[in-house]
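Use the sequences and the hints to build the structure in full.
Protein chains in written order, with our numbering: chain A, 1 to 299; chain B, 300 to 598; chain C, 599 to 824; chain D, 825 to 1050.
Please keep in mind that the hints were generated in silico from the structure rather than gathered at the bench.
Treat each hint with caution, since some may be false.
Stated by the list, open to error - Pairs of lysine-lysine, DSS-like flavour, derived with a Cα cap of 27 Å:
#1 D:910 <-> C:641
#2 C:684 <-> D:867
#3 D:958 <-> C:641
#4 D:867 <-> C:732
#5 D:910 <-> C:684
#6 D:958 <-> D:944
#7 D:958 <-> C:684
#8 B:439 <-> B:373
#9 C:718 <-> C:732
#10 B:472 <-> A:173
Single-letter residue listing:
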Amino acid sequence: MSVTASLSYFSRTALNGIVRSPFVHVIAVASLAIALVGFGLARMASAQLDRLMLALAGEVEMTVYLEPGTTPDKMAELQQALSQRTGGQTRVVSPAEALGRLSKELGDPGHALTSLEENPLPWSVEVTLPPLAREPEALKALADRVRTLPFVTQVDYGQEALERLTAIARALKLGSLIAFVLVFLTAIVVVSATLQLAIYSRREDIEIQKLVGATDRFVRAPFLIEGLLQGAVAATLACGALWAFAFFVGPKLAALFSFLDVGGPRPGIDPRLVLELFGIGAAMGLLGSVVAVRRFLRV
Amino acid sequence: MSVTASLSYFSRTALNGIVRSPFVHVIAVASLAIALVGFGLARMASAQLDRLMLALAGEVEMTVYLEPGTTPDKMAELQQALSQRTGGQTRVVSPAEALGRLSKELGDPGHALTSLEENPLPWSVEVTLPPLAREPEALKALADRVRTLPFVTQVDYGQEALERLTAIARALKLGSLIAFVLVFLTAIVVVSATLQLAIYSRREDIEIQKLVGATDRFVRAPFLIEGLLQGAVAATLACGALWAFAFFVGPKLAALFSFLDVGGPRPGIDPRLVLELFGIGAAMGLLGSVVAVRRFLRV
Amino acid sequence: MFHVTKAYPGDPPVLVDINLDVQKGEFVFLTGPSGAGKSTLLKLMFVAERPTRGQVLISGRNVARLRESGIPYLRRNIGVVFQDFKLLPTRTVAENVGFTLDVLGTPRELVRAKSLKALKSVGLEHKADVLPPKLSGGEQQRVVIARALVNDPAILLADEPTGNLDPRLTVEIMDLLCDVNARGTTVVVATHDASLIERYQKRTLRLERGTLVAEALGHKAAALMA
Amino acid sequence: MFHVTKAYPGDPPVLVDINLDVQKGEFVFLTGPSGAGKSTLLKLMFVAERPTRGQVLISGRNVARLRESGIPYLRRNIGVVFQDFKLLPTRTVAENVGFTLDVLGTPRELVRAKSLKALKSVGLEHKADVLPPKLSGGEQQRVVIARALVNDPAILLADEPTGNLDPRLTVEIMDLLCDVNARGTTVVVATHDASLIERYQKRTLRLERGTLVAEALGHKAAALMA
Ligand SMILES: Nc1ncnc2c1ncn2[C@@H]1O[C@H](COP(=O)(O)OP(=O)(O)OP(=O)(O)O)[C@@H](O)[C@H]1O
Ligand SMILES: Nc1ncnc2c1ncn2[C@@H]1O[C@H](COP(=O)(O)OP(=O)(O)OP(=O)(O)O)[C@@H](O)[C@H]1O
Ligand SMILES: [Mg+2]
Ligand SMILES: [Mg+2]
Chain A
1 MSVTASLSYF
11 SRTALNGIVR
21 SPFVHVIAVA
31 SLAIALVGFG
41 LARMASAQLD
51 RLMLALAGEV
61 EMTVYLEPGT
71 TPDKMAELQQ
81 ALSQRTGGQT
91 RVVSPAEALG
101 RLSKELGDPG
111 HALTSLEENP
121 LPWSVEVTLP
131 PLAREPEALK
141 ALADRVRTLP
151 FVTQVDYGQE
161 ALERLTAIAR
171 ALKLGSLIAF
181 VLVFLTAIVV
191 VSATLQLAIY
201 SRREDIEIQK
211 LVGATDRFVR
221 APFLIEGLLQ
231 GAVAATLACG
241 ALWAFAFFVG
251 PKLAALFSFL
261 DVGGPRPGID
271 PRLVLELFGI
281 GAAMGLLGSV
291 VAVRRFLRV
Chain B
300 MSVTASLSYF
310 SRTALNGIVR
320 SPFVHVIAVA
330 SLAIALVGFG
340 LARMASAQLD
350 RLMLALAGEV
360 EMTVYLEPGT
370 TPDKMAELQQ
380 ALSQRTGGQT
390 RVVSPAEALG
400 RLSKELGDPG
410 HALTSLEENP
420 LPWSVEVTLP
430 PLAREPEALK
440 ALADRVRTLP
450 FVTQVDYGQE
460 ALERLTAIAR
470 ALKLGSLIAF
480 VLVFLTAIVV
490 VSATLQLAIY
500 SRREDIEIQK
510 LVGATDRFVR
520 APFLIEGLLQ
530 GAVAATLACG
540 ALWAFAFFVG
550 PKLAALFSFL
560 DVGGPRPGID
570 PRLVLELFGI
580 GAAMGLLGSV
590 VAVRRFLRV
Chain C
599 MFHVTKAYPG
609 DPPVLVDINL
619 DVQKGEFVFL
629 TGPSGAGKST
639 LLKLMFVAER
649 PTRGQVLISG
659 RNVARLRESG
669 IPYLRRNIGV
679 VFQDFKLLPT
689 RTVAENVGFT
699 LDVLGTPREL
709 VRAKSLKALK
719 SVGLEHKADV
729 LPPKLSGGEQ
739 QRVVIARALV
749 NDPAILLADE
759 PTGNLDPRLT
769 VEIMDLLCDV
779 NARGTTVVVA
789 THDASLIERY
799 QKRTLRLERG
809 TLVAEALGHK
819 AAALMA
Chain D
825 MFHVTKAYPG
835 DPPVLVDINL
845 DVQKGEFVFL
855 TGPSGAGKST
865 LLKLMFVAER
875 PTRGQVLISG
885 RNVARLRESG
895 IPYLRRNIGV
905 VFQDFKLLPT
915 RTVAENVGFT
925 LDVLGTPREL
935 VRAKSLKALK
945 SVGLEHKADV
955 LPPKLSGGEQ
965 QRVVIARALV
975 NDPAILLADE
985 PTGNLDPRLT
995 VEIMDLLCDV
1005 NARGTTVVVA
1015 THDASLIERY
1025 QKRTLRLERG
1035 TLVAEALGHK
1045 AAALMA
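If you want it as structure tokens, here you go:
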């Protein structure tokens, strides 16, 4: 039999199988689709979480306080050194500006501060840090190094708040990792179980096929095609569900974080995710079929 | 047939069914157990989340600034009024204390503040708010009301930080709600699918039972007992898995939040949760059986 | 026991305007070529199929209009030997036979004892604890006969009960059915075996393409079959 | 084609030290009481069961030691009529018959044409697109015969091929098997029907409790069965 002829025969048989016992196939596709939706949600959540954490962490700034009497020349020098070392943007803040800000932050009662005769605050340099340097440990090391530079009296960077946010980020990551592992394990159990049952319900077919002289490969081929088809259909359904999710639930979620300015409009679904879903769906369908059919080939 | 005799007959038949085709039962139990673990995790996560959010929100304080020249009598009066209105603890802060704190918060450079001749800060009352009043809207309303009291110049309560935390809490709640709904839908689909397949594999039995004159009730009873048993076994497995999770993964999660002092040692699993799991497991097993067996009773 | 009946399960009618009356305690052979509608006729009496038109009276009740919930109680009085056996492959032979009694709520020990007795009557007591797929065709057929007889039904419908049996066993089984009949059970046997019809000299109904074409006794009927 | 064979699938041996030689192109009846081991013997030739001891030679090859992957190719040369039919309930009659050809990779149109021809030879071309559960017992049996014959096998094993057929059809089917035999196919028929053995006068082997007790021609064998 030519390759195309047998391919057409196997496809026909697979389609027949699906048309004639739609029940088991619907279940297999449903469980595959659910597994894929779980996977897709985990992926989307993880991507969103990264962006969200960046936004939540806000601008991480380091304030470097200078000795009284540092000359503008020295300040410019230091500013450059800091720029190089941290890779961030730097800005010199005069005592007057600092006092103005402080009184503003304190609100009405702080107003009195502006009327002080003598400004008690020192000159300082503010460094806006790039995302790479935001890990608490990296930041601490950086602060320690900056502290040893000439004219620097103190370095401040909101250590506590940052640590808190980082802890939240880690917990969320761990949580989503656990959720992901659970979803994936469930998916594998469910898919292989359903497929085994689906094929279990056809053990008679397999037995009879073998009795009339079918080779193992011949018996297996339609099941594999069925598995592939199931995977593809499930992936399509999953993409639809994820798209619907992104479309209907996404904005509500985004609205909650509107004040954070998480970024431009959410993309529907990442095309790479679509590819991944189809790949994983097909692989799971195929693998499930291979494993499941093997149990019934010994007749 | 007496009730005990038929109960014993049905139980024997159910057990026989399980012993003779263990395969479908293992799958049904596994999917039920997975569903229950998902449910349990969602419940545990939601409970932990509440505690975590409380801890993360920290102490919510409201500072009420007073007019210069408010007499101690008036202050005491106001303090009492605030206590009543907010239900929280109140404390009068003198300008000296406030300045000391401010200079401390500013660190080294703020040290200069303590040397000021004239203290620019007003008297104030700090109110530690009870958890109930921590919702941003409630808080805002409260602040507005407090602002109209005599001698009050301004009310401050870290609006922005609180809103941010509340948004996180809401997102987490929404996220876990979505996860929960997904898990539950999956569970229902999977369980009913597996049970349908399990019973599908026994449609011959049902057909033959009906042909030899069994009533529908007679056919159904062993399946219902099987469903109940499956639910119970699945619940036991789920409790074991959740306990293992709480035991092995829980401490790691808790360690991440150690700085927050989330509360005493985590309880293994809440006994109420165990009861719920058994109840839901039995109900799902039973319901699945009822639905599944109905499809095959028309012969 | 039977009156006017017509049935059209498929597109062309399988049974057309059958009129037939079986007395209580009678022994009737049902014969006719393959696909004539013998099994369908038996299924009507058993309410496994409903007639499209007409009525089937059993002990004066029209079972064609029996409601769902009444069917089990009717079936408990009818023993059936199915042409395709319908044995549960996952239960032992004794359990398969005892099934009919379980349904009636017979106590466990009695079920076992009665099942073994029924199996003995068909010569299979040594296979009581074997699963049906491990039996030969003839052995399976005898298990079905044992199951049909185990609760002493008022009516026995046997569809080709000896198709897989050797001549010696066939005679044994037919003698068994005659015994049962002698004890008052109405017996209807669908068969192709002319030698049986000749040997037992009972009333024989001949179906052809869904109509009753002849009714005769013993060898007259057998002669028609050749 | 057959040499020394013994087989013990169950606890007590089902077949004991059988010696038997079927020539290419021969027509052989296999008979014996229910449970004698006829089906088991056929299963050995078909490698559905493996002998516990001894060898089964088919065209000079010992199929008892055939490796798994070789079995399908052996089976393609053997047509089998199973006692319990083994039809796929979810495929139409024509598809069931065509199955044997699909396995060989026969083009689609040819499969359909050949299936219909085979069905016609058993008188069932009008039921080609029906599902097996909607057929009568005799019709199902004829479908199995059509399936066994559709690819002109070198060997035909028929287990009780006429158990559910009326006398007229039985003769038609047996004539069909004789035709096939005349065209060179080796035919082995297991049957209980003494009239067939008498009518066709072929070599008849008699099994009893797993041993070959007699070998005779035609009516001598039939006489033994009574
Ligand atoms: N469920 C069904 N749906 C449609 N047609 C059916 C069904 N069952 C049987 N038939 C058709 O009805 C006709 C009579 O079938 P029935 O089984 O009554 O024949 P029978 O007399 O028992 O034949 P046999 O001797 O071969 O068993 C057959 O042509 C068959 O194809
Ligand atoms: N798979 C099996 N496992 C165990 N024992 C079996 C198996 N198949 C058949 N037997 C036993 O082997 C014996 C012979 O069976 P076989 O099917 O060969 O008989 P047969 O001659 O075909 O009988 P019949 O005429 O009733 O079909 C029987 O007693 C049967 O119980
Ligand atoms: Mg019939
Ligand atoms: Mg046999």
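Structure-based check of each hint:
1. D:910 <-> C:641: The given pair, whose Cα atoms are some 23 Å apart, holds under the 27 Å limit.
2. C:684 <-> D:867: Between residue 684 of chain C and residue 867 of chain D the Cα gap is close to 23 Å, so the pair holds against 27 Å.
3. D:958 <-> C:641: Holds, because 13 Å separates the two Cα atoms, which is no more than 27 Å.
4. D:867 <-> C:732: The hint holds at about 13 Å.
5. D:910 <-> C:684: Given pair residue 910 of chain D, residue 684 of chain C holds - Cα atoms ~14 Å apart, limit 27 Å.
6. D:958 <-> D:944: Holds: residue 958 of chain D and residue 944 of chain D sit about 18 Å apart, inside 27 Å.
7. D:958 <-> C:684: Roughly 15 Å between the alpha carbons, so the hint for residue 958 of chain D and residue 684 of chain C holds.
8. B:439 <-> B:373: 24 Å, holds
9. C:718 <-> C:732: With Cα atoms ~18 Å apart, residue 718 of chain C and residue 732 of chain C stay inside 27 Å; holds.
10. B:472 <-> A:173: With Cα atoms ~16 Å apart, residue 472 of chain B and residue 173 of chain A stay inside 27 Å; holds.
Violation of the numbered hints given earlier is absent; every hint is satisfied by the structure.
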